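*Asks:* Heads up: the sequence lines are chains A and B, in that order.
All the letters of the first sequence, read from the start, carry residue numbers 1 to 374 under our numbering.
All the letters of the second sequence, read from the start, carry residue numbers 1001 to 1153 under our numbering.
Among the hints, erroneous ones may be present.
Pairwise CB distance ranges (calculated) [stated by the list, open to error]:
hint, chain 1, residue 1, chain 2, residue 2, range
1, A, N194, B, Q1095, 30 to 40 Å
2, A, G161, B, G1081, 46 to 56 Å
3, A, G161, B, R1110, 27 to 37 Å
4, A, E347, B, Q1095, 54 to 64 Å
5, A, P301, B, G1130, 35 to 45 Å
6, B, H1099, A, P148, 37 to 47 Å
7, A, E240, B, N1149, 26 to 36 Å
Since the hints were made in silico from the structure, they are not lab data.
No experiment lies behind these values; they were computed from the predicted model shown.
The beta carbon of each residue, even a glycine, is placed where N, CA and C say it ideally should be.
Chain by chain, the residues run as shown.
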Amino acid sequence: MNNGQDNNITRAAELGQAVWLDQISRDMIDGGEIQALVDAGLRGITTNPTIFDGAIAGSDVYDDRLAEYAKDGSSAEVVFERIAVEDVRDAADILLPTYEALNQRDGFVSIEVNPHLAHDTDRTVAEARRLWAAVGRPNVMIKVPGTPEGAPAITTLISEGINVNVTLLFSLDAYITAANAYLDGISNYVSAGNGSPERIASVASFFVSRVDTLADEKLPDTSDLVGKIGIANAKLAYREYQRIFARKSDGNSRFASLDTIRAQPQRPLWASTSVKNPEYAPTLYFDSLLGPGTVNTLPLPTVQDVLNTGTIAETLTSGVDEAEAQFAQLADEGVSYDAVTAQLLVEGVEKFADSWDSLMARIDAKISALASVG
Amino acid sequence: MRVAVGADHAGFNLRETVISSIKSAGHQVLDLGAHSYDSEDDYPDRAAPVAEAVMKGDADRGIIVCGSGIGAAVTANKFRGVRASICHDTYSAAQGVVHDDMNVLCIGGRVVGDAIATELVRAFLSATMGDEVRFQRRLDKLVAIEQANFASE
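Bound conformation, chain B alone (with noise of 0.2 Å):
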């Protein structure tokens, strides 16, 4: 799978560590910055670059790290066909993908650590979307409702 990255400053500090683990789990990288520490950078120009490389196919999946998490799920939740949530167990990281079809990762580089940001990467990268007709009955719904408020491209 190709993963697109982006972090903005509160995220800076895990960067490494994502793209390191997106590697060795297999993955290609497509790196979206920031490519230097920025402290006055804003997390919607760190966000937007991933989502949109998702929503556009340029990559399959995305992971964004902010300081919280929450700036850069909200952000890539407004692109088209993004599925984004914070999670920091590895439970949901993985759950996400198989229920939701979660296609981007968010962390808070100020909540984890190291260890847990490489566990939650690799839980992310190995899961897919399970074949089960509920899961797929609700990706439809969301598709709808996504039809429905979002402008059409």
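Looking at chain A on its own, in the form it has when it is part of the complex (with noise of 0.2 Å):
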């Protein structure tokens, strides 16, 4: 699947790493982006409310739909989930050769539910197979967030065989809980009686720069951990991760079975990997966070800079000591570790609330500007 191409993107590919871009517009899947990137080695994508958001305030190419699909008195929702149906689904279409050469195991598009519901398992799980039936594609997963609510929502959709996308991991307990999940719903998918799990799909989204931003910020300017432990606090799910999805246990043989039976892993996915500090390195959140079954989502930008700058070596196995030592340091700092991931948590939530409010108001105050104007 390098289509011939070697660049960063395919060489990360071969070290075991996706490339996913953390953005879509409708521009972007009509004007051949999204191709482009494709062909240059791109193996997912990755929405939510707040790319949605920027995709509809940036530009008029959706004005006659929002129109069309206005006329009939929809609400701003209803709207809004025909057009992101539209660009995942013609996303997807574009990654599905990339999804079957690969076996089903890469190639996918993700589509949040409503954030309103992450702390409702019910009306979460009801969303998700709505919005699996309306894309109506195999290589899309739905991103259900890691809140204590989302863990039963994930089993129950991974043992309908729905791929899931677990969003708003921030700590290692929420991280291990997510695998888990994702194995409880395999092993019921399994002994329903439904053959062999290997079609279903999961990533586990941790997010990297926003621990950086808000443990620098509680954290002494003159420490050392600045910057320093939203890197760590990957290398430590990514040793989860291998100890929980590990192919020849001696103990734990959980996954071993399932690999068996050709169950996919639940990889991660580094997600907030866009430098916000405008001091480090474009590419820090790339290039300290590769290693093999991982997914790196990034916004278009970041992919450019990795395209030209970026560097390719495993690194996400190197100086996982070292990042333990900074996270005893960091409560020796007075930085609460289960303080900062907890206040992400919320806060994450309800950022991805205020996009989709300020998305829905958006599109309310669209639909009238254009009702006035016919």
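Join these two chains into a complex; the hints should help.
*Replies:* What follows is the structure in structure tokens.
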């Protein structure tokens, strides 16, 4: 699947890491930009309400459809869902050859459930089923938050054969919970007599730069931990991944047995990997998080940076002891890891919910403006 | 232990030997026929009741005799939770239990005679599964394959 290309994206793929795009817009789909990136080795796309808000705010290409879908008096939510489903489906079709060439193990486009449901298991499940059916493509993942209420939803959806992207993971405990929720879903799928679970895919989206942003804020300026905790956190999460999804294990053989019947491991996906602090190298959260069996989702400018300047070498498995020491030092410096990650989860849900609200307000405003013109 | 026994026409000659070997090893026999010689009977009909008894827990182990042992083993392995194999040497008859938790022994009535059959039954019934982690890991994988490929009850 390198399409004869030799660049940093295809080199990362050879090492075992897929690069996904954390962005979508109708312009990029229709204008060939997504196809060009796929040709360059891109293996997936992630979306969220903030991304759609930016896409719809930043252009008038959605106007015709906004006006048409609102004609019958449909609410902003209904209009938005039709648009989002169409964009995701068309993007999925562009990635379908990748999905097939990679034996259904990559080439996914993610769509998020309404973030206001992040603490409601049943409604998250219902919404995810609806979106899965509405998009109607095998290479789609439904994004479900890694909240305590999200975990049982993950198990249910996976057991029904619905691909899940677990989003908003900040702490190691939440990561482990998401991994086990996935394995429970796979076990339930198999024990229900559905055959091999080989088609079911999942990623666990572990947020990186936001951890640095908040930890840096709480650390003294002089601390040598500034800018280190996000990556240290990801390295420790990757160590958990290697333990939980070991194919041959002497003790815990849970995934080893599922691997025998061709179950996929749930890959860690590094999210929130554009650099927020201008003093850091633009590809910091790419170069430092390379390792087999992972995904890194990047906004378009970071994808361009990676193509131009990234360095490709396995970095996730080095400095793990150092990462552990940094966590001990963090506590010594008076910063609570649990408090930081808990705050990030609360803020993460709020941020997506706020984006959702602003998106709905924007759609309402556009619809009224278009109606008055028409 | 309770041991289910079955034999078709080609294994009928070893039936009594197998039954008396089980009893003399101090175990109980669940006799699932054939009770009289029928030159036309089919091995799946004789093997299935034994495998089913093991699957359902009505018997702890099973022993099936047909001409070569092959039809018996192939049939028995179609049952969830049954691990059957042909063993015509005492090393395999015991080691299959210790490493692989084999619970059904299949014997070819046209391959071995009374003396070997007696030794095989004794070796099979005196063995128990080893407690090494690698044995359990392999068994777990086998169970996963079974779950993925067999219809659930």
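*Asks:* Hint by hint, say whether it matches the structure.
*Replies:* To see whether the hints hold, each was checked on the structure:
Distance hint check for N194/A and Q1095/B: the Cβ-Cβ separation is about 35 Å, which falls inside the suggested range of 30 to 40 Å. In this structure the supplied range 46 to 56 Å is violated for G161/A paired with G1081/B, their Cβ-Cβ distance being about 26 Å. For the pair G161/A and R1110/B, the supplied restraint of 27 to 37 Å is violated, since their beta-carbon distance comes to about 48 Å. For the pair E347/A and Q1095/B, the supplied restraint of 54 to 64 Å holds, since their beta-carbon distance comes to about 60 Å.
A hinted range of 35 to 45 Å is violated for the C-beta pair P301/A and G1130/B, which are about 59 Å apart. At about 43 Å, the CB distance of H1099/B to P148/A agrees with the hint of 37 to 47 Å. Taken as a hint, the range 26 to 36 Å holds for the pair E240/A and N1149/B, whose Cβ atoms sit roughly 30 Å apart.
The earlier numbered hints that this structure contradicts are 2, 3 and 5.
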